Each structure stands twice: as structure tokens, then as C-alpha cells.
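Dock chain B against chain A, hints included.
Protein chains in written order, with my numbering: chain A, 1 to 217; chain B, 1 to 120.
Please note: incorrect hints may appear among the correct ones.
In the DMTMM-like style, the derived pairs of lysine to aspartate or glutamate whose C-alpha atoms are separated by at most 20 Å in a straight line are [unchecked claim]:
{"#": "1", "chain 1": "A", "residue 1": "Lys113", "chain 2": "B", "residue 2": "Glu111"}
{"#": "2", "chain 1": "A", "residue 1": "Lys113", "chain 2": "B", "residue 2": "Asp32"}
{"#": "3", "chain 1": "B", "residue 1": "Lys94", "chain 2": "B", "residue 2": "Asp104"}
{"#": "4", "chain 1": "A", "residue 1": "Lys113", "chain 2": "A", "residue 2": "Glu148"}
{"#": "5", "chain 1": "B", "residue 1": "Lys94", "chain 2": "A", "residue 2": "Glu148"}
{"#": "6", "chain 1": "A", "residue 1": "Lys168", "chain 2": "B", "residue 2": "Glu105"}
Derived by calculation from the structure, the hints in this document are not laboratory data. Treat the numbers as computed from the prediction; the structure is a model and nothing was measured.
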Amino acid sequence: MSKRTEQPRDQRIDDALDEASGKRNRPTLKQEWPLLIFLVLMWGALWQDFSAGNLIFGALLALLVVALFPLPPVVLSGRINLWYCFLLLGWFILQVVAASVEVAYLAFFRRKKTRSSIIAVRLHTDSDLIVTAVGHVLTLIPGSFVVEVDRRTSTLYLHYLNATNAIKVARSRAKIHEIERRVIMAIGSREEYEAVRKIRTEIVDRQRGRGETGEEQ
Amino acid sequence: MELFLEIIVAVLLVTGSLMSLIAGVGLLTFPDLLTRMHAATKPQVLGFLLIFIGLAIHLRSWALVPVLALAWGVQLLTAPVSAHMIGRSGYRTKHVKRESLYSDELRTVVENASRSDDKD
Numbered sequence: 001m002s003k004r005t006e007q008p009r010d011q012r013i014d015d016a017l018d019e020a021s022g023k024r025n026r027p028t029l030k031q032e033w034p035l036l037i038f039l040v041l042m043w044g045a046l047w048q049d050f051s052a053g054n055l056i057f058g059a060l061l062a063l064l065v066v067a068l069f070p071l072p073p074v075v076l077s078g079r080i081n082l083w084y085c086f087l088l089l090g091w092f093i094l095q096v097v098a099a100s101v102e103v104a105y106l107a108f109f110r111r112k113k114t115r116s117s118i119i120a121v122r123l124h125t126d127s128d129l130i131v132t133a134v135g136h137v138l139t140l141i142p143g144s145f146v147v148e149v150d151r152r153t154s155t156l157y158l159h160y161l162n163a164t165n166a167i168k169v170a171r172s173r174a175k176i177h178e179i180e181r182r183v184i185m186a187i188g189s190r191e192e193y194e195a196v197r198k199i200r201t202e203i204v205d206r207q208r209g210r211g212e213t214g215e216e217q
Numbered sequence: 001m002e003l004f005l006e007i008i009v010a011v012l013l014v015t016g017s018l019m020s021l022i023a024g025v026g027l028l029t030f031p032d033l034l035t036r037m038h039a040a041t042k043p044q045v046l047g048f049l050l051i052f053i054g055l056a057i058h059l060r061s062w063a064l065v066p067v068l069a070l071a072w073g074v075q076l077l078t079a080p081v082s083a084h085m086i087g088r089s090g091y092r093t094k095h096v097k098r099e100s101l102y103s104d105e106l107r108t109v110v111e112n113a114s115r116s117d118d119k120d
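So here's chain A without its partners, still in its complex pose (with noise of 0.2 Å):
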């Protein structure tokens, strides 16, 4: 695990406090537009009925809505690419399959035998909204959910089920940062995309120097 400066991050809710004053901003619509198209696609689905007039109408509602009931800003990262939006969403129902399998299998063959870690995944992202993707995801897909985080460092406490031995424990922890790996290439921002891409071509390098032998464990 990689130390770091223990810095305060801009992305905090506190942000939303304007200094000077105290006060908490309010988000600008530019801020909000993703949650208020989600408020008027909610509305016409649970109406079943997506014409102009009903959607107008949902509309209308949702801006009373965020009016009346303000949130701190999710702070988007900018960026966004539906390709690996789209990968990320095929691999996620296989590994949630998969999960269903493993969680199957343990719970009739192993029942009290089960044994699990805690364990403490650092990630690499400074945003909230991607550590709170990766939460989610982790939580839904093979063996592991999140118990604590540590917002300050991004560090998430994991019970990961069946991790029973160090190499299981280094092959989740590898795991976890895929999942973080694959959230930054679909909504990481730029520079986190770029890192992220860089660190890929440098592994995949070197596997190629010692010809393919990276593959096994």
C-alpha cells in the first residue's frame, strides 16, 4: 500500500460552504441537470407514458423538487465514455452471475465452515463519486462488501467472503482495483483516465518482456 499526503480534498461535501459566509451554495443547474433528466425519466416511467406533455409536466415537478429539497452537489468528474460504460455494465451482470454461483455454493456446501477477511483496500481515485461507484459495484459482484470507509485516504474496508489464505487476500485487494480500474476508464475524469491508461500499457509491457509468463499466479 502506497503512502500518501493525508490532504484535505476539494471534493467534500464542505465544498458546497462558501467560505466567506458559511452558507451553503446552492448547486447551479449546470451542476444538476444529470439528477433532474433522472427525476423526469422516473416520472414518465412510473406513469408508463413518454409523451411531450407528461414529460414537460415531470419536468416542472422535478424542478420544484430540487428547489424545495436541496442536496449537496454530486460532483461529476466531466468525462464519460459509453463504450466502456457499456463494458463495464456487461461485466458487471457476468460477475454478478458469478457471485450468485459463489454465494450458491457456499451456502450449500461450506454453511458454517465459511471463513472471510477483513480487508483494507487504498484506492487510487481522489473522488467520491468514484470511490461510492466502486463501493457499489464491489458490493454487488463476487465475495466482498464494504464495512468501513475512510473518506480522507479513499480507503475501503472490505469483508470479502472465502478469502482464506494471503494469496486469495493479494488476489482480492488485485480485484478491488480492477473494478476501480474499470470505473475510471467509463467516468473517471481526464488525468485519472490518463494515469490509469498509462499504468495499464506499462503492465501489459512488461508481460510481453517476459513473454507472457505474467499470465500465471
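Quick look at chain B alone, frame taken from chain A:
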């Protein structure tokens, strides 16, 4: 074609229900709270998805798809949060069986934190 679709619907619904069964069996057979949370979050998300797809095909209605997708999406968003909240409070109220853990990297962190709380 009609028969073929009905067979798919049947398979989807039965597999989906099976997933809920697995979740239930997991709740009964796993040793402690944290392992049980796995049973409660994973199979039933997949079961939900399968049942939804089955329903959408059975009812032959595109208008239903957004509602079902919404319900599944909300499920994806809320299941991890509930697992996290239960797991977190369970860990802190000592409902975790230590002997079922191979290693525990959170323990020292929590102990340090509570020690510094005592000092204040």
C-alpha cells in the same frame, strides 16, 4: 414462437425464484452477520433481474420496460447501502464472530480510533 417465448419466461422466472431461495438458504446456513449480508445482497439482485426480464417478455409490453429498469436500478443503488449500514453497525456492536475471520485489517484502526476518542 409463442411456445418458445413461454419456455424462456418459465426458465427466467424459475431461475429468478431459485436465486431468492439461495439467498434464504444462505441466511440460514452462514455463520455470522457479515457473511449473511453476502447472501442477502448478491443472489437476489440477479434473481430480481431475471424475474423482471421474464415479466417483460410475458406481458409483451415495452411500456413496462422503463419501470422494471428503474426498479432494478434502484435495487442496485440501495442493496449495497443497506448491506454497508448493517455490516458497519454489526461490526461496531460486536456481532461479528472473530473466529470466522482469517484476517481483520479494520480492527486496529477501530481500536485506535476509540482510544483517541477516550482521550478527548
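Exercise. Sort out whether aspartate 32 of chain B lies within 20 Å of lysine 113 of chain A, counting only the CA atoms.
Key: holds (10 Å)
Quiz item: Holds or violated: lysine 94 of chain B with glutamate 148 of chain A, Cα cutoff 20 Å?
Solution: Judged against 20 Å, a Cα distance of about 14 Å means the pair holds.
Quiz item: Are the Cα atoms of lysine 113 of chain A and glutamate 148 of chain A separated by 20 Å or less?
Solution: violated (24 Å)
Exercise. Given the hint that lysine 113 of chain A pairs with glutamate 111 of chain B, test it: the Cα-Cα distance must not exceed 20 Å.
Key: Violated, at about 27 Å.
Exercise. For the pair we were handed, lysine 94 of chain B and aspartate 104 of chain B, check the Cα-Cα distance against 20 Å.
Key: Distance of about 13 Å is within 20 Å: holds.
Self-check item: Pair hint lysine 168 of chain A and glutamate 105 of chain B, alpha-carbon separation not exceeding 20 Å
Solution: holds (15 Å)
The structure fails to meet hints 1 and 4 from the earlier list, while all remaining hints are met.
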